[in-house]
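Participant: Listed below, chain by chain, are the residues.
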Amino acid sequence: MTTTGTGITGTGITGTGIGIRVAAVGDIEDGEALRVPPETSGHGDAIAVFHDGGAYYALDDICSHGQASLSEGWIEDGEVECPLHSARFCLKSGEPQCMPATLAVRTHRVEVRDDAIWLHPGRTAAEAAE
Amino acid sequence: MSSPPSSPRRIAVVGAGLAAVSTCDALRAQGYDGELVLYSAERGLPYDRPPLSKDVLLGKSRRADIMLRPEQWYADQRVQLRAGARVAAIRPHSGGLELADGTVAAADRVVLATGGTPRPLPVPGGDDPAVHLLRTWEDAERLRERLLPGARVIVVGAGLIGAETAAVAVALGCRVTLVDPVPVPLAAAVGGDIAGALHRRHTAEGIEVVTAGVGSVERHPGGLLVRLAGHGDPLAADTLVAGIGIRPATETAETAGLRVGNGVVVHPGQRTSHPNVFAVGDVARPDGHRVRHEHWEAAQRDGEAAALGILGRPVPAAGAPWFWSDRHGSRLEAVGTMADADRTVLRGDPATGAFTAFGLRGDHLIAAATIDRARDIKAARRIIDRGVPLSPTDLTDEHTDLRTLLNR
Numbered sequence: 001m002t003t004t005g006t007g008i009t010g011t012g013i014t015g016t017g018i019g020i021r022v023a024a025v026g027d028i029e030d031g032e033a034l035r036v037p038p039e040t041s042g043h044g045d046a047i048a049v050f051h052d053g054g055a056y057y058a059l060d061d062i063c064s065h066g067q068a069s070l071s072e073g074w075i076e077d078g079e080v081e082c083p084l085h086s087a088r089f090c091l092k093s094g095e096p097q098c099m100p101a102t103l104a105v106r107t108h109r110v111e112v113r114d115d116a117i118w119l120h121p122g123r124t125a126a127e128a129a130e
Numbered sequence: 131m132s133s134p135p136s137s138p139r140r141i142a143v144v145g146a147g148l149a150a151v152s153t154c155d156a157l158r159a160q161g162y163d164g165e166l167v168l169y170s171a172e173r174g175l176p177y178d179r180p181p182l183s184k185d186v187l188l189g190k191s192r193r194a195d196i197m198l199r200p201e202q203w204y205a206d207q208r209v210q211l212r213a214g215a216r217v218a219a220i221r222p223h224s225g226g227l228e229l230a231d232g233t234v235a236a237a238d239r240v241v242l243a244t245g246g247t248p249r250p251l252p253v254p255g256g257d258d259p260a261v262h263l264l265r266t267w268e269d270a271e272r273l274r275e276r277l278l279p280g281a282r283v284i285v286v287g288a289g290l291i292g293a294e295t296a297a298v299a300v301a302l303g304c305r306v307t308l309v310d311p312v313p314v315p316l317a318a319a320v321g322g323d324i325a326g327a328l329h330r331r332h333t334a335e336g337i338e339v340v341t342a343g344v345g346s347v348e349r350h351p352g353g354l355l356v357r358l359a360g361h362g363d364p365l366a367a368d369t370l371v372a373g374i375g376i377r378p379a380t381e382t383a384e385t386a387g388l389r390v391g392n393g394v395v396v397h398p399g400q401r402t403s404h405p406n407v408f409a410v411g412d413v414a415r416p417d418g419h420r421v422r423h424e425h426w427e428a429a430q431r432d433g434e435a436a437a438l439g440i441l442g443r444p445v446p447a448a449g450a451p452w453f454w455s456d457r458h459g460s461r462l463e464a465v466g467t468m469a470d471a472d473r474t475v476l477r478g479d480p481a482t483g484a485f486t487a488f489g490l491r492g493d494h495l496i497a498a499a500t501i502d503r504a505r506d507i508k509a510a511r512r513i514i515d516r517g518v519p520l521s522p523t524d525l526t527d528e529h530t531d532l533r534t535l536l537n538r
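Chains as they are written, first to last, in this note's numbering: chain A, 1 to 130; chain B, 131 to 538.
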């Protein structure tokens, strides 16, 4: 699943705290993820937005170990398992949970607002809303 | 037999592959704060082996790209890496080990992660310098220099390493002949459907596939002359690569008097027959299993299990074994033991090249293998490990999302 852009480019918007509307609630099924390409995120790298049990998370899409898209990984119990070599990452913190990955992937803040999923590229998940 | 001290203070890990590094990693993660020394017979930082027969041969990955851990990790985790230090003997009764240079070191626990050595080609001329084996970085470097466009390359053995090497060689423009006495290699591991599709792919990619054993290798002015057993004219080649399996490197274990038989025999927690010695990775064979699990993930798990075993903690049961192999831009993945299945069903259309075979035993999934449908395997693995009962149509019907089977 890939977004085709929303009409707003990420650059310039991220600083305002509005974020980028990447999907409507319900568009990303539980256990699925959406790959937000750099053209949309304005972030330089693709970002994956995950839906796990009613909660949404966003991480850099490319695994920190190999060239694989985490948006195509297996999402379960707060973790995503890389499709290529089965490294697992915590959806909340981006920290690797097992080998072969040793480096964390960056987190991005996601919020659900007005029945939509908003992504704040470049702001960590831990950063509070402005 | 000496009884183990109450808690380990000096742990020596012999070997430096994934199982060894995984052991160190897991020991620290479990809170072990004593001495931890990693003895590597090779130079440099420990590296990951799967890329050797893929991106390293292709020239896409350098040594720095395949490190298991960055250099800083060893300092951070207080893992003393002794690179280039070959362990000649372990002395579990006296609590020490002896290096090839005569140095003696103390250790109250030893983890054998000595891996395996590639089986040499067991025919006359099989030791010719133009016959390559592939196990180490140096092996890969040496072979890569020979895989030049137009080079005539014979690969003996069409299992995992051989098939990957043949695929790389043909991608690099070599003229490749793949020789194996088995008509459909890997059939026991992944089932006939997947194995057949994989093997036919070699021909489609321009590899000459020959079903035969090798009789002899002779050197002649233009290169090598390889005679095949019961097979017409000899083949001329510039380079031969043998990928015919490994022998577990059990010498150290044997000398120490450990129980050995097709590997160092291990029990839960990777315990060997000596209470202070553990074995992990390719060199270990779980008691009661006929085969060793010579795969990447098994090595990683062994390290985790060994750490728990060393620290005397309970070891969770291992899930179904998993492995992958990359060739011709496609990916093979398999989980479980296909040979134990009493029925096989397919998901996806084999004509597309991407499909999955599921092996059932009664109403349980016990194994699966796929070409290019990795998510099927991720689901299968969880279905197997959780023992979800199901019917064959649950698996074959593409309208059934395999994830939903997990919620039953």
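Among the hints, erroneous ones may be present.
[What the hints assert, rightly or not] Quick list of the computed label-pair ranges, beta carbon to beta carbon: (1) B:Asn392 with A:Gly26: 18 to 26 Å; (2) B:Glu381 with A:Gln97: 55 to 63 Å; (3) B:Pro519 with A:Ala55: 48 to 56 Å; (4) B:Arg330 with A:Gly31: 30 to 38 Å; (5) A:Ile18 with B:Glu268: 53 to 61 Å; (6) B:Ser521 with A:Val112: 49 to 57 Å; (7) A:Asp115 with B:Arg473: 19 to 27 Å; (8) B:Pro254 with A:Gln97: 35 to 43 Å; (9) A:Ala55 with B:Gln160: 55 to 63 Å; (10) A:Gln97 with B:Asp195: 19 to 27 Å; (11) B:Asp531 with A:Gln97: 33 to 41 Å; (12) A:Gly31 with B:Gly387: 34 to 42 Å.
[To be verified] Sample of chain A residues lacking proximity to chain B, with all beta carbon distances greater than 12 Å (derived): (13) Ile18; (14) Gly44; (15) Gly73; (16) Asp115; (17) Gly122.
[Claimed, not checked] Some chain A residues near chain B, calculated using beta-carbon distances under 7 Å: (18) Gly17; (19) Trp74; (20) Gly78.
Worth flagging that the hints you see were computed from the coordinates, not collected in a lab. Just so it is clear, CB atoms sit at the ideal spot from N, CA and C, and this is done for glycine as well.
Participant: Next step is simple, just say for each hint if it's right about the structure.
Facilitator: Cross-check of the supplied hints:
Remark: the range hint 18 to 26 Å for Asn392 (chain B) to Gly26 (chain A) is contradicted by a beta-carbon distance near 55 Å. A C-beta distance of roughly 36 Å is found between Glu381 (chain B) and Gln97 (chain A), which places it outside the suggested range of 55 to 63 Å. Between Pro519 (chain B) and Ala55 (chain A) the CB atoms are about 30 Å apart, so this pair departs from the stated range of 48 to 56 Å. For the pair Arg330 (chain B) and Gly31 (chain A), the beta carbons lie near 35 Å from each other, so the given range of 30 to 38 Å is met.
The hinted range of 53 to 61 Å is satisfied by Ile18 (chain A) and Glu268 (chain B), whose Cβ atoms lie roughly 55 Å apart. A hinted range of 49 to 57 Å is violated for the C-beta pair Ser521 (chain B) and Val112 (chain A), which are about 38 Å apart. Hint check: Asp115 (chain A) to Arg473 (chain B), Cβ distance near 47 Å, so the stated range 19 to 27 Å is violated. Taking the beta carbon of each, Pro254 (chain B) and Gln97 (chain A) are about 51 Å apart, not inside 35 to 43 Å as hinted.
One distance hint, 55 to 63 Å for the beta-carbon pair Ala55 (chain A) and Gln160 (chain B), is violated here, with the actual separation near 30 Å. Distance hint for Gln97 (chain A) and Asp195 (chain B): a CB-CB separation of about 23 Å, consistent with the stated range 19 to 27 Å. As the Cβ distance of Asp531 (chain B) to Gln97 (chain A) is approximately 25 Å, the hint placing it in 33 to 41 Å is violated. For the hinted restraint 34 to 42 Å between Gly31 (chain A) and Gly387 (chain B), the CB-CB distance of approximately 51 Å leaves it violated.
Remark: the non-interface label on Ile18 (chain A) is consistent with the geometry, its nearest Cβ contact in chain B lying 34 Å away (cut-off 12 Å). Chain B leaves Gly44 (chain A) outside its interface by the beta-carbon criterion, the shortest separation being 22 Å against a cut-off of 12 Å. Its closest Cβ contact with chain B, about 8 Å, brings Gly73 (chain A) to no more than 12 Å, contrary to its assignment away from the interface. With a cut of 12 Å on Cβ distances, Asp115 (chain A) stays outside the contact zone with chain B, its closest approach being about 25 Å.
Every beta carbon of chain B lies more than 12 Å from that of Gly122 (chain A), the smallest distance being close to 25 Å; the non-interface claim holds. For Gly17 (chain A), the interface hint is violated, since its Cβ never comes within 7 Å of a Cβ in chain B; the closest pair sits about 35 Å apart. About 4 Å separates the beta-carbon of Trp74 (chain A) from the nearest beta-carbon of chain B, less than 7 Å, and the hint is met. Annotation: interface hint on Gly78 (chain A) violated; nearest CB of chain B at approximately 15 Å, more than 7 Å.
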